[in-house]
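Student: If you want the building blocks of each chain, they are given just below.
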Amino acid sequence: MNKLNKDNFKQDSYKHGFVTDIESEKIPRGLNEEVVKIISKKKNEPQWMLDWRLKAFNRLEVMKKPDWGKVKFDEINFQDIYYYSSPKGFEDKPKSLDEVDPKLLETYEKLGIPLKEQEVLAGVAVDAVFDSVSVATTFKEKLNEMGVIFCPISEAIQKHPELVKKYLGSVIPITDHFYATLNSAVFSDGSFVYVPKGVKCPMELSTYFRINASETGQFERTLIIADEGSYVSYLEGCTAPMRDENQLHAANVELVALDNAEIKYSTVQNWYPGDENGKGGIYNFVTKRGLCKGKNSKISWTQIETGSAITWKYPSCILRGDNSIGEFYSVAITNNYQQADTGTKMIHLGKNTKSKIISKGISAGKSSNTYRGLVKFNRKAENAKNITQCDSLLVGNTCSANTIPLTENNSNSSSIEHEATTSKISDEQLFYCMQRGLDAEQAQSLIVNGFCKEVLQKLPMEFAVEAQKLVSISLEGSVG
Amino acid sequence: MLEIKKLSVSVEKNKILDNLDLTIGSGEVHAIMGPNGSGKSTIAHTLAGNPNYNVDSGQALFNGKDLFELDPSERSLEGLFLAFQYPIELPGVSNASYLKQILNVHRKYEGKDPIDAAEFLKILKEKSNRLNIPMEMHSRFVNTGFSGGEKKKNEVLQMDFLNPSLVIMDETDSGLDVDALRQTSEAVNQLRSSDRSFIIITHYLRLLEYIEPDYVHVFQDGKIVESGDKKLAHKIDKEGYAT
Ligand SMILES: Nc1ncnc2c1ncn2[C@@H]1O[C@H](COP(=O)(O)OP(=O)(O)O)[C@@H](O)[C@H]1O
Ligand SMILES: [Mg+2]
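Quick mapping for you: the protein sequence lines, in order, are chains A and B. Mapped onto this note's numbering, the consecutive letters of the first sequence carry residue numbers 1 to 480. Mapped onto this note's numbering, the consecutive letters of the second sequence carry residue numbers 481 to 723.
None of these hints come from the bench; they were simulated from the model. Hints may contain errors.
With a straight-line cut-off of 30 Å between C-alpha atoms, the simulated DSSO-like cross-links for lysine-lysine are [claimed, not checked]:
| id | chain 1 | residue 1 | chain 2 | residue 2 |
| --- | --- | --- | --- | --- |
| 1 | B | K580 | A | K469 |
| 2 | A | K354 | A | K279 |
| 3 | B | K602 | A | K458 |
| 4 | B | K592 | A | K15 |
| 5 | A | K424 | B | K592 |
| 6 | B | K605 | A | K458 |
| 7 | B | K602 | A | K469 |
| 8 | A | K469 | B | K592 |
| 9 | B | K580 | B | K607 |
| 10 | A | K385 | A | K200 |
| 11 | A | K469 | B | K605 |
| 12 | A | K424 | B | K602 |
| 13 | A | K42 | A | K26 |
| 14 | A | K453 | B | K580 |
| 15 | B | K605 | A | K424 |
| 16 | B | K607 | A | K453 |
| 17 | B | K703 | A | K15 |
| 18 | B | K592 | A | K453 |
| 19 | B | K602 | A | K453 |
| 20 | A | K453 | B | K493 |
| 21 | B | K588 | A | K15 |
| 22 | A | K453 | B | K588 |
Construct all of the structure, not just a fragment, from the sequences and the given hints.
Tutor: Written as C-alpha cells, this is what we have:
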C-alpha cells in the first residue's frame, strides 16, 4: 500500500519532551545503605519506615534480576543512577498552589494539566509528582470532608502511620522480585488514597508523574485502600523529556479492596519512547498488584501503554474474597524500536471469583509487542471463571506480536475461555476510508481506534478523548 | 466532467483494461453493462485510485484535473464517489461517528466548520428515512455484520452525505430486494442534477428502469464493444451479451 503513503510523515510526535529549567537537588549517585538512609531522612520518616526500607535493601543484595521477559536491553548500572532528585526548595512542601514555583505550574500547564484550572473547572483531584517529590495535591479539603484521604505517600507515612503500616507491602511483599524490592528500598513519592467505609469517592483522583531531572530514576509508590462498600476511580498519567539516555522508572502500586468495595485504576502511560532509531527512552519496569481482600470486591485495571522504550508490567489481581471480580483492559502500542512485554495475572483463591482480560496489542515499525498472562485457579476457587481475549494488530511487516497466555487450573468446577486473534490493517480498509476523503493517517487512526474501542471506553470520560488522540499520535509515521 | 483517454490498466501484471476511451458530460448518467470479469469493477477502482490497479498508460481528466496525480482521498474531496460492490467492514467504528467524520473532512476541504451534533443528527435522520434505514443501524460498526442490502444502502447514504459530482455505483442493485431497490433508486434520482454525473455498473435492466441512463455501454474483455442509449439495455436483457 505504499502508493497511499506518498508523503513521509514527520516524526515530531512526542509532545511532552521538553525539560523544565529548574534547579534540582540530587543526592549522591549510586545505590547503597547510605542512600536509603538519606532518602528516608529527606522524607523525615519515622524509624519503622527506615527499618522497612533497609530490610528491602538488604534483601536486594542477594536478589537476581528477572530475565524472562521478551525484552532486550543493555545491563543497567544501578550505581550510576541518582535515586533522589527534587526541585530546589522542596524541603518544606508548599501548603497551597499559590506557594508552588510558577515554573512547575507552567510545566503542568504545558503538559495539558493546568493544576489551578483543574482545581476549579474539571473537578478532578490531581497529585502532581515531579521527579521524587509530590509538588501539589488539589481538592484535598473537599475530599477530607468526606473522609477520603488523598495525599503524597510521604505525607501519609507521617499522618496515617497505622494505615500505611497495615497495608504497605501487604500486596507486594518486600521480597517479591528485584525491581519491586528495589522500589521498596528507595521509593521516593507517589500517592496514597484511603476511601472510608461506604463512601463513593465523588471525583476522579489522578496522579501525574513527571520525570524531569537527567540520569535520575523515578521510584514511585502508590497505595490505595478502599474500605468496605466504598468506590474509587483513580487515574495516573506519565511523561518525561526526550533524552538520549535511558531512564529507569520502577514503580510499585498496591491496591486493597475490602468487602463490597470497588477500585477502578486507569493508566495512560506516555513516557518518552525513544527516537525513531531506538535511542533513549524510559525503561518502565513496574509492579502493580491489587488484592480483592473482601467478599464481592472488585478491582479493574485499564491501561493505555503508548510510551517507554521498554514496558515490562503485569497489573494483577489476587481474588481472595468470595465472589470477587478482577478485570484487566489493556491497549499496548509499540512503534519504531519500542518493546512491550505486558499482560496480567489473575489469581483466583475465593469461590465464584471471576476475571476478565481484554488485551489489544498494536505493533508498528520495528517494535515488539508481547502479551503475557497467567490465569490461576487454586483448589478452593470453586466455580471460578475467566474470559481472556487477546487481539494483536500489526502495522507493516517489520514488527512482531506474541501472545503467551499461561493457565494453571487446580479447581474442577472452574472454566477458562480464551480467544486470540492476529490481524493486519487491510489495504482494503485503508482504501475504503480514503475513498471517503480521509487521508492515510486519519484512516489508520480510525481503524486502530476501532480496534481498541472496547478498552478505550473503559476509561473515565474525561480521559477517553485524550487517549484516542494519543493512540493516533503514537502511530504517526507508521502508515504503509 | 470526466474524460478517459486510451486507458490501459493491469492487476498483478494481468492486463485488464485495454485502451479504453469514455467521456462523461455534466449531469449525464452512463450505464455500464457486461459479463462477469469484463473489467467493470476495474474501471471503478482505477478511477477511485485503488493502488492494486496499475495504470499502464492513458489519461483521465476529472473536471480538468489529471485524476492519476491525486491520491484516493484527494479524489474523494474533489468530488469522486465510489459505491463499492463489496463494501468493507470497519469493526469497532460506529457508523454514526464514521459518517460524521467523513462528512467533516469534506466540510473542512470546503472551508466549513465541523457540523454540530444536533444538526448532524437531524440530517442523519432525514437521509436515513429516505432510504428506509433504521437509526439503530448507526450505532453498529460500519458494515460489520450488515446484510447485503444494508451494506448497499449504507453506500448510498454515504454518497448522499458527501455530495459528490461524479458517482460510480458498482452493482449497487445486487443484493437489494424489490422494495429496497425502489427506495435506493428514488434516493439516487433525487440526487440527479445537471452538475452531477453517474456511472452505473449493473447486470440488470430493472435498475435502469428506475434510473434512466442517457447512455449504455457494453464491456467485454476490458473494452467497450458497443454503446447506445437505453434501448441497448433492453436488447441485452432479451438477448444476453453473446454476439
Ligand atoms: N485483485 C485482483 N487480483 C487479480 N485479478 C483481479 C483482481 N481484481 C480483478 N481481477 C481480474 O480482473 C478481471 C476483471 O475483473 P473485474 O473488473 O472485477 O470484473 P467485473 O467487475 O466486470 O466482474 C477479472 O478477470 C478478474 O479476475
Ligand atoms: Mg465487479
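Student: Failing hints, ascending?
Tutor: As far as the earlier hints go, 2, 5, 12, 15, 17, 20 are violated by this structure, in ascending order.
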